[in-house]
Amino acid sequence: MEIIQKFGLEAKLFLFQLINFLIIVFILKKFLFAPLKKILDERKHKIEQSLQDAENAKIVLKNVFEEKKNILAKAKSSADILMATVKVSIKETKEKAILETKQRSEQILDDAKQKAETEFESMNKKIGKISIDISGKILSKVLSDLFTETEKQKLISRSLEKIDEKIKN
Numbered sequence: 037m038e039i040i041q042k043f044g045l046e047a048k049l050f051l052f053q054l055i056n057f058l059i060i061v062f063i064l065k066k067f068l069f070a071p072l073k074k075i076l077d078e079r080k081h082k083i084e085q086s087l088q089d090a091e092n093a094k095i096v097l098k099n100v101f102e103e104k105k106n107i108l109a110k111a112k113s114s115a116d117i118l119m120a121t122v123k124v125s126i127k128e129t130k131e132k133a134i135l136e137t138k139q140r141s142e143q144i145l146d147d148a149k150q151k152a153e154t155e156f157e158s159m160n161k162k163i164g165k166i167s168i169d170i171s172g173k174i175l176s177k178v179l180s181d182l183f184t185e186t187e188k189q190k191l192i193s194r195s196l197e198k199i200d201e202k203i204k205n
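Everything in the sequence shown is counted per this note's numbering, starting at 37 for the first residue and increasing by one.
For the record, the hints were derived by calculation from the structure and aren't laboratory data.
Be aware that a few hints might be false.
Claimed, not checked - Computed cross-link-like contacts, DSBU-like style, restricted to lysine-lysine with a CA-CA straight-line distance of at most 30 Å:
1. Lys161 / Lys130
2. Lys105 / Lys162
3. Lys112 / Lys130
4. Lys165 / Lys177
5. Lys82 / Lys94
6. Lys161 / Lys138
7. Lys190 / Lys165
8. Lys151 / Lys198
What the hints assert, rightly or not - Label pairs and their in silico Cβ distance ranges:
9. Ile107 / Lys127: 26 to 32 Å
10. Ile75 / Lys110: 49 to 55 Å
11. Ile174 / Asp147: 35 to 41 Å
As the structure is a computational prediction, the values presented were derived from the model and not from experiment.
Where is the CB? At the ideal position from N, CA and C, for every residue including glycine.
Construct the entire structure; sequences and hints are all you get.
Listed below in structure tokens is the structure:
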């Protein structure tokens, strides 16, 4: 105790100061430090949550980017397949149109040939009839001086029959 008095400390005063200090520490701890710690903890939690949300958003963004790449790749693949299908379809349509055109052309040519043959035969028959008439007239004129009327008719008939047979063959 002598040391305490040498330093000028009074025990009662020191005790009251110690009690006051403990009361102030208790009050500060209860009403200041506890709410302050609670606020700091909440802020720390919010910051951690924000960082976690940012990380999650980064992951989601990366996933979305990957999904976008996949969708674009699928779309490109589908477009390529569709384009190939369209090319094949166009080629088939073109070939079909060419084939139909060839068939129509061949049909038109066949019809034209058939019509030409029919007209040729018709013209041959007409020419044959005209030839027979002309031949008959020529023979009649030539033979009128050489033969009698009955002989002339027989010769003309036989000659016309032979000419007619040759024309038909």
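Now the hints, each set against the structure:
1. Lys161 / Lys130: violated, 46 Å
2. Lys105 / Lys162: It is violated: about 83 Å lies between the C-alpha atoms, which goes past 30 Å.
3. Lys112 / Lys130: This hinted pair holds, its Cα atoms lying about 26 Å apart.
4. Lys165 / Lys177: holds, 18 Å
5. Lys82 / Lys94: Holds. Lys82 to Lys94 sits at ~18 Å (cutoff 30 Å).
6. Lys161 / Lys138: Not OK: Lys161 and Lys138 at ~34 Å, beyond 30 Å, violated.
7. Lys190 / Lys165: With Cα atoms ~19 Å apart, Lys190 and Lys165 stay inside 30 Å; holds.
8. Lys151 / Lys198: Roughly 29 Å separates the two Cα atoms, so the pair holds.
9. Ile107 / Lys127: 26 to 32 Å: Holds, since Ile107 and Lys127 (Cβ atoms, about 30 Å apart) stay within the stated range.
10. Ile75 / Lys110: 49 to 55 Å: About 51 Å separates the Cβ atoms of Ile75 and Lys110, which means 49 to 55 Å holds.
11. Ile174 / Asp147: 35 to 41 Å: holds, 39 Å
Hints 1, 2, 6 from the list above are not met by this structure, while the remaining hints are.
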